[in-house]
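Student: Given the sequences, and given the hints that come with them, work out the whole structure.
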Amino acid sequence: GQQLNQSPQSMFIQEGEDVSMNCTSSSIFNTWLWYKQDPGEGPVLLIALYKAGELTSNGRLTAQFGITRKDSFLNISASIPSDVGIYFCAGATNFGNEKLTFGTGTRLTIIP
Amino acid sequence: NAGVTQTPKFRVLKTGQSMTLLCAQDMNHEYMYWYRQDPGMGLRLIHYSVGEGTTAKGEVPDGYNVSRLKKQNFLLGLESAAPSQTSVYFCASTDGGRLGKNIQYFGAGTRLSVL
Numbered sequence: 410g411q412q413l414n415q416s417p418q419s420m421f422i423q424e425g426e427d428v429s430m431n432c433t434s435s436s437i438f439n440t441w442l443w444y445k446q447d448p449g450e451g452p453v454l455l456i457a458l459y460k461a462g463e464l465t466s467n468g469r470l471t472a473q474f475g476i477t478r479k480d481s482f483l484n485i486s487a488s489i490p491s492d493v494g495i496y497f498c499a500g501a502t503n504f505g506n507e508k509l510t511f512g513t514g515t516r517l518t519i520i521p
Numbered sequence: 741n742a743g744v745t746q747t748p749k750f751r752v753l754k755t756g757q758s759m760t761l762l763c764a765q766d767m768n769h770e771y772m773y774w775y776r777q778d779p780g781m782g783l784r785l786i787h788y789s790v791g792e793g794t795t796a797k798g799e800v801p802d803g804y805n806v807s808r809l810k811k812q813n814f815l816l817g818l819e820s821a822a823p824s825q826t827s828v829y830f831c832a833s834t835d836g837g838r839l840g841k842n843i844q845y846f847g848a849g850t851r852l853s854v855l
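Residue numbers (our numbering), protein chains in the order written: chain A, 410 to 521; chain B, 741 to 855.
Rather than coming from a laboratory, the hints here were simulated on the basis of the structure.
One should not assume that every hint holds.
[Unchecked claim] A few chain B residues that face chain A, going by a derived Cβ cut-off under 10 Å, partial list only: (1) Y773; (2) L785; (3) Y804.
[Claimed, not checked] Have a look at the derived ranges for each label pair, beta carbon to beta carbon: (4) L762(B) with R469(A): 22 to 28 Å; (5) A822(B) with E426(A): 39 to 45 Å; (6) I476(A) with N805(B): 39 to 45 Å; (7) E426(A) with G743(B): 31 to 37 Å; (8) D427(A) with T755(B): 43 to 49 Å; (9) T826(B) with S419(A): 21 to 27 Å.
Using N, Cα and C, we set each Cβ at its ideal position, and we do this for glycine too.
Tutor: Here it is in structure tokens:
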């Protein structure tokens with residue numbers, strides 16, 4: 410099946426630092442989604458992107474839909490302790506079964 | 741509005757035992773999905789349903805069966821559990837691409853250990 414390469418796999422940062430992560434695909438997606446998973450919980454949507462080149466913000470989070478449609482980026486500015494968790498990208502290619510392909514996740518840890 | 745509810749939250753099985761995981765959604769969504777999450781492997785699709793009475797195989801369907809007898813419920817069954825099925829299972833639902841913009845809503849997960 411399709412593969413989404415998400416990097417980095419893990420990040421250790423200090424509170425207040427900015428964070429960047431990305432996803433790349435071997436094929437084109439029509440939709441990119443970014444989810445966050447807190448420990449012991451299910452993933453929760455952060456940002457949805459539907460057009461190539463689109464740049465969308467949600468508070469301190471900003472995500473971009475790559476021009477080639479094969480990648481997406483998520484940035485978090487001025488990280489705070491509650492940003493800890495696992496971040497997943499997900500891509501969708503068509504309408505009909507609405508399946509998503511997920512990246513392997515980026516685990517964010519904030520060093521006190 | 742509960743969203744997506746999964747039961748049970750935790751379960752320990754012995755090899756060879758069977759069980760059913762229940763997913764219920766109250767958002768009137770057409771599409772429902774079962775995923776498993778293993779360390780370093782993200783979310784992998786087991787089975788999914790595009791509507792009441794329909795089911796289809798995902799990426800890792802072997803050893804699992806599903807049923808969607810009612811629109812709001814999606815059941816995942818393990819007929820003969822194996823240690824390789826130790827995982828965290830998530831259910832998700834969506835209205836789809838046109839209405840729901842491909843956004844899937846997830847339950848809190850079921851943590852299953854098979855000894």
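Student: Decide, hint by hint, whether the structure agrees.
Tutor: Taking the hints in turn, this is what the structure says about them:
no. : hint                             : result
1   : Y773                             : holds (8 Å)
2   : L785                             : holds (6 Å)
3   : Y804                             : violated (16 Å)
4   : L762(B) with R469(A): 22 to 28 Å : violated (37 Å)
5   : A822(B) with E426(A): 39 to 45 Å : holds (43 Å)
6   : I476(A) with N805(B): 39 to 45 Å : holds (42 Å)
7   : E426(A) with G743(B): 31 to 37 Å : holds (33 Å)
8   : D427(A) with T755(B): 43 to 49 Å : holds (47 Å)
9   : T826(B) with S419(A): 21 to 27 Å : holds (23 Å)
Hints 3 and 4, counting from the list given before, are not met by this structure.
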